[in-house]
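**Student:** Here's the letter readout for the chains.
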Amino acid sequence: MSRAERKREDEQYRTWGGGYRPYDLIREFSIAVGVVLALVVVLTVLFSSPDERPTTIQTWSKAAPIDFVSVATSELDGSSATAGYGPPYNTNGEPQQIAGIRPANWFGVSYPIDTAKDYVIAPLMTMSSVPGLQSAVNTYTSASSSQQAKWTTAYNNALAKATANPDGTVTVPGNATSFGPVALMMSALLANAQAGGLDGQLLTSKQFYQTDYTKILMFLQDDNGDNAAANGGNLPASANPGYFFARAEGQNLLGSQWGMMNETGSWPGQVWLWLYTFWYQIKPFSTSANADLLVMVVMGVLSLAFILIPFIPVINRIPRWIPIYKLIWRDHYRASGG
Amino acid sequence: VSATADRPARKNWTVGLRKRAVAALPPEKLLPDGQPTYMSSWIYVFGVLSLGSLVVLIGSGSILALKGPTWWHVTGIGHFFNSMHLWSVELFFFFMVIHLWGKYWMAAWRGGRKRVWVTGAVTFLVAIPCALTGYVSQQNFDAQWISTQAKDAMNAVGIGAFFNLMDFGQMYSYHIFLLPVAVVALVVAHVLLVRKHGIVPPFNLDQRIGVGAAAASDGAVAAPPPGAEAESPAVAEPAAVSGEQPEPAAKAESPPGGETEPTPG
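Protein chains in written order, with my numbering: chain A, 1 to 338; chain B, 1 to 265.
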């Protein structure tokens, strides 16, 4: 069929010249609202909805003190996911790219986070009552970066053999002098976190009212065991996740568990994101450092195609070729002898 | 029609808008009391069920918004309305997806209805961030996890710089105002376009070009639809303006034994 013929055929469908039957649209709409409302109430009564309490720095540091200290040390030495993220939080990392194009660079740093200062140094400087702490902080901040790295590396290595005590403190074995001021700084930060102080300090800002949870959530998401956040949340099966990630894994929320479309517990989540989540499960997306950008571009193209289906050749003819319409309009065709 | 004794000024914007609106959607076309005989399938139910879900969704969401974001965490009745909000959004997407698939297999964009499809598809796509901003506004572990996971995609494409999933205040504004307004506006546009163009007629089983949609498959002679185009003489009659269908014309032209039924008056 030529293009002109298709156009002429299309014009035939502009108006309907056949019969009509009585119909009450407002009544139909009212019944639909009533039916949906009844269905929603029944589903609500039967299944309710989930509401898992949020993770706080306090609950995390109490439940997994070694894990907390380990993440805090990575914030101090700049090895955490947030510290090396790049825009919009800092300039320490290269954003994801396609053909050298890095869209995250276009808008620069919008939510600046200096992990060492914001997560460790600044909170410790408010704890003036802890003996020796301000001196330790000053020692650390005035040391050279290579000296700081020696202390944090030694402390990090020793953390692998650390033990948690019943009172919530952490015992880190090894030569304490090799840790420099870091041991005291971390034990003070742990005590602060377990008392709930760090939660408040990471939320407060210059103004009294605020609703921005970026800093505290970025700290929590750094608790990713084997740095799973850098891999789009696709935690390897053999990894030992941190407290925050372990909690998500228990709720089937990890990226490798199709997490973005899941809800906590057994409730349905954003199931309409199935295609978006699907791409993260297959190569090259599942192994790419640019997975998020690639998936977003693919979904952008598919979304545009979805909107423009009426204009896309072949795709817009498939309904004509596969006669599901004969099922939909079977009464009509039967009545007209078609 | 003018409320004043004087004739309205020639360039009266209000009169101009009214004339255009009435010409595009005369009352009997906007709220018709009849539908084509081929509208006889369960698939047609899912459009109005999507609308019904949207009403329950907005109703339950409005109650949650009126009481504030903490209420549903600390009271049983609040949790009940949150559950209603969850299930109505699940049903909204479920019905909308079936509606979209149904319209695809009907090729419902035929006969100048492309904008109907486009507005429906855009509604579906805008509803996704509308739901996402709701999930990250829950103030629970789910919100923590989704916001920290989804931020990577937002940041990768650059919009994370001004669309911060971890900023509760910003996401709440998007969720309870900006995006719902966009969804409702798109749905209104979609429904008005459906009313303007009518539901798409069935495919002609007879492939011959030039055979009218109804004539080829129904054996009926083309008759003006309810609220027919402005040039239709029936519309100019007082009866048509009052909501009646062009019944006499349809009856007079219907061949004996044809399917065309008397249109509702």
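If you are wondering where the hints come from, they were derived from the structure by calculation, not from laboratory data.
Incorrect hints may have been included.
Said to hold, decoys possible - Under the rule of at most 25 Å between Cα atoms (straight-line distance), these lysine-lysine pairs were calculated in the DSS-like manner:
no. : chain 1 : residue 1 : chain 2 : residue 2
1   : B       : K11       : B       : K114
2   : A       : K62       : A       : K117
3   : A       : K7        : B       : K11
4   : A       : K326      : A       : K7
5   : B       : K19       : B       : K196
6   : B       : K19       : A       : K7
7   : A       : K117      : A       : K206
8   : A       : K161      : A       : K150
9   : A       : K326      : B       : K114
Said to hold, decoys possible - If you anchor each label on the Cβ, the simulated ranges turn out as follows:
no. : chain 1 : residue 1 : chain 2 : residue 2 : range
10  : A       : V271      : B       : A21       : 46 to 56 Å
11  : A       : I312      : B       : L205      : 16 to 26 Å
12  : A       : A4        : B       : L205      : 20 to 30 Å
13  : B       : V74       : A       : V297      : 41 to 51 Å
14  : A       : S205      : B       : W13       : 24 to 34 Å
15  : A       : P313      : B       : D206      : 33 to 43 Å
16  : B       : W13       : A       : V297      : 20 to 30 Å
As the list claims (entries may be wrong) - Footprint (simulated), chain B over chain A, 3 or more residues, beta carbon under 8 Å:
no. : segment
17  : 67-80
18  : 258-270
19  : 308-318
For glycine and all other residues, C-beta sits at the position ideal for the given N, C-alpha and C.
**Student:** Confirm or reject each hint.
**Tutor:** Hint by hint, here is what the structure shows:
no.: 1; hint: B:K11 to B:K114; in the structure: violated, 32 Å
no.: 2; hint: A:K62 to A:K117; in the structure: holds, 23 Å
no.: 3; hint: A:K7 to B:K11; in the structure: violated, 38 Å
no.: 4; hint: A:K326 to A:K7; in the structure: holds, 22 Å
no.: 5; hint: B:K19 to B:K196; in the structure: holds, 15 Å
no.: 6; hint: B:K19 to A:K7; in the structure: violated, 30 Å
no.: 7; hint: A:K117 to A:K206; in the structure: holds, 16 Å
no.: 8; hint: A:K161 to A:K150; in the structure: holds, 18 Å
no.: 9; hint: A:K326 to B:K114; in the structure: holds, 22 Å
no.: 10; hint: A:V271 to B:A21: 46 to 56 Å; in the structure: violated, 39 Å
no.: 11; hint: A:I312 to B:L205: 16 to 26 Å; in the structure: holds, 25 Å
no.: 12; hint: A:A4 to B:L205: 20 to 30 Å; in the structure: holds, 21 Å
no.: 13; hint: B:V74 to A:V297: 41 to 51 Å; in the structure: holds, 42 Å
no.: 14; hint: A:S205 to B:W13: 24 to 34 Å; in the structure: violated, 47 Å
no.: 15; hint: A:P313 to B:D206: 33 to 43 Å; in the structure: violated, 23 Å
no.: 16; hint: B:W13 to A:V297: 20 to 30 Å; in the structure: violated, 44 Å
no.: 17; hint: 67-80; in the structure: violated (count 0)
no.: 18; hint: 258-270; in the structure: holds (count 8)
no.: 19; hint: 308-318; in the structure: holds (count 5)
This entry does not satisfy hints 1, 3, 6, 10, 14, 15, 16 and 17, going by the numbered hints stated previously.
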